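Colleague: Sequence:
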Amino acid sequence: MGKQLEDLGERSRFLRILWIDNANMIRSKALRLKVDDDVSEAVVGISRAQQGVPVVYDGVVPGAPLDPVGEVYLKADNSTIRKVPYAPGNSLAIGDMYVDGSPWDFCPRNYLRKILNLARDEGLEIKASFENEFYLLNKDDPLNCHENTAFGSTNSMNLNNDVIMEIADYLESQGLSVEQYYSESGPCQHEITVHYDDAMKATDNQIIFRETVRGVALKHGMVASFLPKLFADHAGSGCHIHLSLWRDGVNILHDPDENFELGNTAHHFIAGILEHLSALMAITTPTPNSYRRILPSSWAGKYGCWGFDNREASIRVVKEPDGTIKHFEIKTSDATSNPYLSIGSIIFSGLNGIKEKLSLPEPVQLDPAKLEEDERLKLNIKDLPSCVDDAIKSLSKDEVLMNAMGDGLSKAYIAVKTEENNYLKNLSLEEEVNLLLDKF
1 MGKQLEDLGE RSRFLRILWI DNANMIRSKA LRLKVDDDVS EAVVGISRAQ
51 QGVPVVYDGV VPGAPLDPVG EVYLKADNST IRKVPYAPGN SLAIGDMYVD
101 GSPWDFCPRN YLRKILNLAR DEGLEIKASF ENEFYLLNKD DPLNCHENTA
151 FGSTNSMNLN NDVIMEIADY LESQGLSVEQ YYSESGPCQH EITVHYDDAM
201 KATDNQIIFR ETVRGVALKH GMVASFLPKL FADHAGSGCH IHLSLWRDGV
251 NILHDPDENF ELGNTAHHFI AGILEHLSAL MAITTPTPNS YRRILPSSWA
301 GKYGCWGFDN REASIRVVKE PDGTIKHFEI KTSDATSNPY LSIGSIIFSG
351 LNGIKEKLSL PEPVQLDPAK LEEDERLKLN IKDLPSCVDD AIKSLSKDEV
401 LMNAMGDGLS KAYIAVKTEE NNYLKNLSLE EEVNLLLDKF
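Under the UniProt record's numbering, the first residue of the sequence shown carries the number 1, and numbering increases by one thereafter.
It is possible that part of the hints are untrue.
List time: in silico DSS-like cross-link candidates among lysine-lysine, alpha-carbon distance up to 27 Å [what the hints assert, rightly or not]:
#: 1; residue 1: K114; residue 2: K75
#: 2; residue 1: K370; residue 2: K382
#: 3; residue 1: K127; residue 2: K355
By construction, these hints were calculated from the structure, which means they are not laboratory data.
Remember, predicted model here, so these are calculated numbers, not experimental data.
Produce the entire structure from the sequences given, and follow the hints as far as they go.
Modeller: Given below as structure tokens:
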């Protein structure tokens, strides 16, 4: 059924069609609309080269199997069309990439859709949520935070009440369900959580979330930054990913009669993610700035292990107050990652764990950083990549994930991340932040 412009309100005059590239830049082209336009048929063209453009400059990176010849068509997904409350006169839609009338293999959203179809073939539905941390900074002096607040500070809540209230209201007006808000550990740092949803919708919502927070902040004379590490002496910002597995409408994570009280399918699924975690980090923590956050004893998942309610484990299985298990969390993730590629690759790793019937080691119920290296080895606690170079090497050697992404997407992605890393890895934190602050 077509959606007419009048359905979006008479003041909608532009439709922004969004895409998210391999650099995790949210980009858009906007169509000028007339009242009788059917926006569900909206299409804009972009160059195929766009999926080979890094965050650090506007050009195609060396090694990407892409060039400026050929057109990709972004088709607005009708289910994502909504008004943009922080930019009157605009609506937005998230676009799918098509070439020659077919979904394009380089499209991150199409990649996630393909993986979710594989999960459905196994009778599984995946639900997800993103746990966003971000800083609200003065637009004119962003790197001089004027607050001196701490985690859970009601003073920070009061200082930022107007902007947080508007963010929450605008998120809910766009279909997201806000669950919790609190000030985070860093001064000027905040966290807002939204309710889980089907994996594709949750990932679309992550784009809406980032756009809304940044758009509202600008209205209030602020800059919102999701960058993993802004300040050397203050907490970093993660974007932890929460997942649950469902079959026939029933959450199948918990089974009190099975090992670790995890259902067999869930057990293998989590084991698959743990098995591929080093390679996944090339996707979920893909920038040098990411690794400034992932430090020992910093609640960032520095070591490859899992545990129950262990905030130092890279995979935290969450127990509810009644002892049941309804979801788990991947901590090695931040907002410099493309969420479609991240969720798709995490799910495929889990599906591979089911296929191979992989088993989990014993849960780790302490901070791995408190152990000596030989003690960690005895407990099957693995060292994870400590830089982008190591993560990319792990991904390049991971045949499971490389095959899932396909030849074109995997080559383009690795080329973009390699070029970004070469450009960024020798910068100081201040230089890095100045370059990336308005990007993430």
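Colleague: Run the distance test for K114 versus K75: straight-line Cα separation, threshold 27 Å.
Modeller: Given that 27 Å is the threshold and the Cα spacing comes to 17 Å, the pair holds.
Colleague: Holds or violated: K370 with K382, Cα cutoff 27 Å?
Modeller: The hint holds at about 14 Å.
Colleague: Is the Cα-Cα distance between K127 and K355 27 Å or less?
Modeller: Roughly 20 Å separates the two Cα atoms, so the pair holds.
In summary, this structure violates none of the numbered hints.
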